[in-house]
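Asker: Using the sequences provided together with the hints, build the complete structure.
In order, the protein sequence lines correspond to chains A and B. All residue numbers for the first sequence refer to the working numbering, where the first residue is 1 and numbers rise by one. All residue numbers for the second sequence refer to the working numbering, where the first residue is 300 and numbers rise by one.
These are computed hints drawn from the structure, not numbers from a lab. Keep in mind that a hint or two might mislead.
[Claimed, not checked] Negatives, chain B to chain A, calculated, CB over 12 Å:
id : residue
1  : Asn380
2  : Thr426
3  : Thr553
4  : Ala617
[Unchecked claim] Subject to a maximum C-alpha distance of 25 Å in a straight line, what follows is the list of computed BS3-like cross-link-like pairs (lysine-lysine):
id : chain 1 : residue 1 : chain 2 : residue 2
5  : B       : Lys329    : B       : Lys359
6  : A       : Lys203    : B       : Lys577
7  : B       : Lys505    : B       : Lys393
8  : A       : Lys61     : B       : Lys347
9  : B       : Lys668    : A       : Lys204
10 : B       : Lys329    : A       : Lys61
11 : B       : Lys481    : B       : Lys431
12 : B       : Lys347    : B       : Lys359
13 : B       : Lys577    : B       : Lys427
14 : A       : Lys61     : B       : Lys350
15 : B       : Lys620    : B       : Lys668
16 : B       : Lys577    : A       : Lys204
17 : B       : Lys472    : B       : Lys505
18 : B       : Lys721    : A       : Lys150
19 : A       : Lys177    : A       : Lys203
20 : B       : Lys481    : B       : Lys399
21 : B       : Lys347    : A       : Lys76
22 : B       : Lys350    : A       : Lys24
23 : B       : Lys399    : B       : Lys359
24 : B       : Lys577    : A       : Lys196
25 : A       : Lys196    : B       : Lys399
26 : B       : Lys481    : A       : Lys24
27 : A       : Lys24     : A       : Lys61
28 : B       : Lys322    : A       : Lys150
29 : B       : Lys674    : B       : Lys621
30 : A       : Lys195    : B       : Lys431
31 : A       : Lys196    : B       : Lys668
32 : A       : Lys195    : B       : Lys577
Ideal Cβ positions, reconstructed from N, Cα and C, are used throughout, including at glycine.
Next come the chains, spelled out residue by residue.
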Amino acid sequence: MGIFAKIKAGLKKTKDVIAFKLNKLFTGGVLDDEFYEELEYALLSSDVGAVATERLLDELKAAVDKKLLRDRSQVKDELKEIMREILDENEMPSYEYPLILMVSGVNGVGKTTALGKLAKKFKSEGKSVMLVAADTFRAAAADQLEIWAKRADVRIVRQAEGADPGSVVYDALQSAKSHNTDVILIDTAGRLQNKKNLMEELKKITRIVNREMPDAAYYNYIVLDATTGQNAVSQVEAFNEAVDIDGIILTKLDGTAKGGVVFAIEGELSVPIVYIGVGEGIDDLQDFDSVQFIDAIFD
Amino acid sequence: MALFSGLSERLNHIFSKMRNRGKLTELEIKQAMREIRIALLEADVNFKVVKDFIASVSEKAVGEDILNSLTPGQQVIKIVNDELIALMGSSNSKLAVASKPPTVIMMCGLQGAGKTTFCGKLAQFLTKQGKKPMLVGCDIYRPAAINQLKVVGRSVNTPVFEKGTQNPVRTAKEAIAEASYKGYDTVILDTAGRLHIDEALMTELKDIKSEVSPAEILLVVDSMTGQDAVTVASSFNEQLDITGVVLTKLDGDTRGGAALSIRAVTGKPIKFCGTGEKTGDIEPFYPDRMASRILGMGDVLTLIEKAQEAVTEEQAKAMEKKIRENTFTLDDFLQQTENLKKMGNISDILAMVPGAANLKISEKDLDEKRMEHFKAIIRSMTMKERENPDIIKASRKKRIADGSGTSIQEVNQLLKQFEQSKTLMKNMKGKKRFPF
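Answerer: Here's what the structure looks like:
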């Protein structure tokens with residue numbers, strides 16, 4: 001099943017709980033205040049946020065005026081195009097190896113799960129993969145990652161609970177160098193973005209990576225829970241300030257939340273969305289595709 | 300952004316040209332409500348809840364008297380704030396107790412909401428109240444979930460009952476038999492995170508419910524949740540008839556509008572808040588604090604209360620005079636530091652100040668140990684030096700550092716920080732009073 005189908009399948013289960021279906025709005029009729037109001041509510045209900053919604057609607061109205069559009073059915077593609085432009089500004093990275101990926105984010109967004117899925121993905125592309133359990137804080141986090149390591153059949157480097165995450169990463173990189181590992185995936189502890197000292201810890205890990213493997217391709221991804229509202233903007237800002245975020249992994253899109261907050265994020269910062277999580281299975285991580293993502297919001 | 304920015308400032312701006320006394324007019328309310336609507340939406344209150352809320356508040360506000368002490372803007376905020384508090388209900392976090400022990404508390408929610416962590420906190424909370432709780436691992440799906448619960452259980456000295464990946468309905472039933480036998484009076488069931496639309500897993504919860512009849516079914520919700528909070532909460536509530544809600548991760552900087560949405564659609568009380576990663580970080584829910592948080596005005600009320608407790612009125616007046624006349628000395632700085640300490644942990648206090656999150660204050664600045672050093676340094680100064688720090692040059696610095704057992708760098712840091720405080724106060728002089 002492709003993501004589109006997957007997301008759609010997730011959403012189908014909830015047809016009646018979703019109050020607004022954008023598609024319905026575009027079946028015809030005049031472009032009156034009522035139309036724009038309904039459109040506004042539909043965008044708001046997808047977590048696009050008040051400010052970004054206003055911006056989208058302003059752009060749409062400008063385009064409508066310019067192109068002299070009269071009917072609701074003509075506006076749909078126009079809006080989709082506006083939304084796509086916002087998301088497509090940033091390109092997906094093309095990886096070189098050895099590759100180091102670090103995932104970070106607030107608590108409970110699905111970092112460990114996303115990393116387990118990434119391990120499987122790289123492994124099935126024929127790469128040698130190592131998982132690094134640098135979440136030494138949450139109870140049994142390393143155990144959880146170890147189970148994913150087994151599922152994906154890759155190596156894991158871990159230390160005792162409470163160990164210094166920096167030292168776990170250091171050990172892992174030494175081992176990766178001697179084994180010529182292609183892909184090193186670093187799991188970090190969940191941290192709320194306003195905890196300054198915990199954000200420092202991420203900087204330290206980054207320093208260690210840059211020092212020990214300066215020639216490796218190094219990407220920092222933030223994991224966002226699609227259920228999150230406008231706080232996701234503050235999350236990306238804070239993590240980006242600490243460690244220069246290279247991309248977003250948007251998880252839990254198999255629920256009823258649509259992750260519209262990315263429009264608020266992309267309005268402020270330019271960080272590409274790289275992957276989306278659409279389920280708990282090991283294959284439920286997909287490359288981000290803006291067209292399908294926006295279609296899912298409209299459906 | 301300035302210290303007290305956000306909603307109240309924007310409203311003050313709108314109302315700055317209107318200086319009328321008397322009653323609120325429809326136009327005034329309409330203008331204010333536009334701002335309040337955005338504030339609520341940006342706080343992630345569900346858009347339908349916002350719509351209803353604005354409509355009912357506007358209706359109430361028309362023709363209301365503007366109190367003498369307030370501007371029209373402040374009056375509107377006061378009405379909105381009061382309504383929010385009323386809507387979010389009481390701060391009653393009492394848990395039901397079963398007539399025949401053990402009392403069963405079932406936790407449920409989406410993945411990553413913080414159920415397992417909260418189970419540990421609740422166990423410790425109940426132990427402190429003289430209860431004897433037992434934790435039960437019913438999450439057989441997430442890798443290592445039961446291990447996590449075991450570690451959590453160990454840290455709060457509470458036994459964990461688990462049967463590996465056995466059917467959770469059966470595990471729950473056996474756990475209760477075990478608890479009765481061993482004399483545990485409360486059983487906390489940690490269930491797997493699940494989507495509210497996952498029929499199979501929702502059925503599992505219903506089965507557990509009918510098998511063990513919990514006295515409490517608590518829905519755990521991440522306070523950062525967006526518009527979907529309504530769908531999730533009403534769906535769990537419809538299927539399980541939950542008894543209350545737990546809001547987690549409130550130590551973050553989220554405005555937490557989900558609290559209002561959930562309360563509005565389920566009518567169920569919010570019983571607890573999770574406010575940190577330590578097992579003691581569990582608090583009852585305070586609707587008044589939540590209201591000002593959602594409005595983006597920080598915890599001004601609590602802050603004012605705390606300040607009143609710590610500083611006598613004369614002290615405050617004397618301090619105000621010094622600030623006004625710019626005769627603030629290191630002695631006063633010392634006294635202020637002490638007052639601040641009386642109010643509690645400094646980072647906690649700062650967290651209550653609206654807009655403080657935007658100030659560049661590092662953990663280092665708030666280090667209590669550092670404050671102690673500063674006190675020692677000031678006490679090693681002569682009266683003359685405290686009155687006029689400008690005279691402190693190299694040799695005096697060395698003497699002070701030696702006398703206080705610190706270093707010259709630390710003396711320099713203190714002097715710098717003192718200068719910064721003075722500048723900050725100068726800037727604050729312009730503002731006549733708290734906007735709220």
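Asker: The structure should be examined with respect to each hint, and the outcome stated for every one.
Answerer: Right, here's what the structure says about each hint:
1. Asn380: holds (20 Å)
2. Thr426: holds (18 Å)
3. Thr553: violated (4 Å)
4. Ala617: The claim stands: B/Ala617 keeps its Cβ more than 12 Å from every Cβ of chain A (closest is about 34 Å).
5. B/Lys329 with B/Lys359: Roughly 12 Å separates the two Cα atoms, so the pair holds.
6. A/Lys203 with B/Lys577: Status holds; Cα separation ~23 Å.
7. B/Lys505 with B/Lys393: holds (24 Å)
8. A/Lys61 with B/Lys347: Distance of about 24 Å is within 25 Å: holds.
9. B/Lys668 with A/Lys204: holds (24 Å)
10. B/Lys329 with A/Lys61: Status holds; Cα separation ~24 Å.
11. B/Lys481 with B/Lys431: At roughly 10 Å apart (the allowed maximum being 25 Å), B/Lys431 and B/Lys481 satisfy the hint.
12. B/Lys347 with B/Lys359: holds (19 Å)
13. B/Lys577 with B/Lys427: Holds - the C-alpha atoms of B/Lys427 and B/Lys577 are around 15 Å apart, at most 25 Å.
14. A/Lys61 with B/Lys350: holds (23 Å)
15. B/Lys620 with B/Lys668: Violated, at about 30 Å.
16. B/Lys577 with A/Lys204: Status holds; Cα separation ~23 Å.
17. B/Lys472 with B/Lys505: Given pair B/Lys472, B/Lys505 holds - Cα atoms ~13 Å apart, limit 25 Å.
18. B/Lys721 with A/Lys150: violated (60 Å)
19. A/Lys177 with A/Lys203: Since the Cα atoms of A/Lys177 and A/Lys203 sit roughly 21 Å apart, the hinted pair holds (cutoff 25 Å).
20. B/Lys481 with B/Lys399: Roughly 15 Å between the alpha carbons, so the hint for B/Lys481 and B/Lys399 holds.
21. B/Lys347 with A/Lys76: At roughly 23 Å apart (the allowed maximum being 25 Å), A/Lys76 and B/Lys347 satisfy the hint.
22. B/Lys350 with A/Lys24: holds (21 Å)
23. B/Lys399 with B/Lys359: Between B/Lys399 and B/Lys359 the Cα gap is close to 47 Å, so the pair fails against 25 Å, i.e. violated.
24. B/Lys577 with A/Lys196: With Cα atoms ~17 Å apart, B/Lys577 and A/Lys196 stay inside 25 Å; holds.
25. A/Lys196 with B/Lys399: violated (47 Å)
26. B/Lys481 with A/Lys24: Distance ~59 Å between B/Lys481 and A/Lys24 Cα, so the pair is violated.
27. A/Lys24 with A/Lys61: Status holds; Cα separation ~19 Å.
28. B/Lys322 with A/Lys150: Violated, because 70 Å separates the two Cα atoms, which is more than 25 Å.
29. B/Lys674 with B/Lys621: Status holds; Cα separation ~20 Å.
30. A/Lys195 with B/Lys431: The hint is violated at about 34 Å.
31. A/Lys196 with B/Lys668: Holds. A/Lys196 to B/Lys668 sits at ~17 Å (cutoff 25 Å).
32. A/Lys195 with B/Lys577: Holds: A/Lys195 and B/Lys577 sit about 14 Å apart, inside 25 Å.
Violation of the numbered hints given earlier is confined to hints 3, 15, 18, 23, 25, 26, 28 and 30; the remaining hints are satisfied by the structure.
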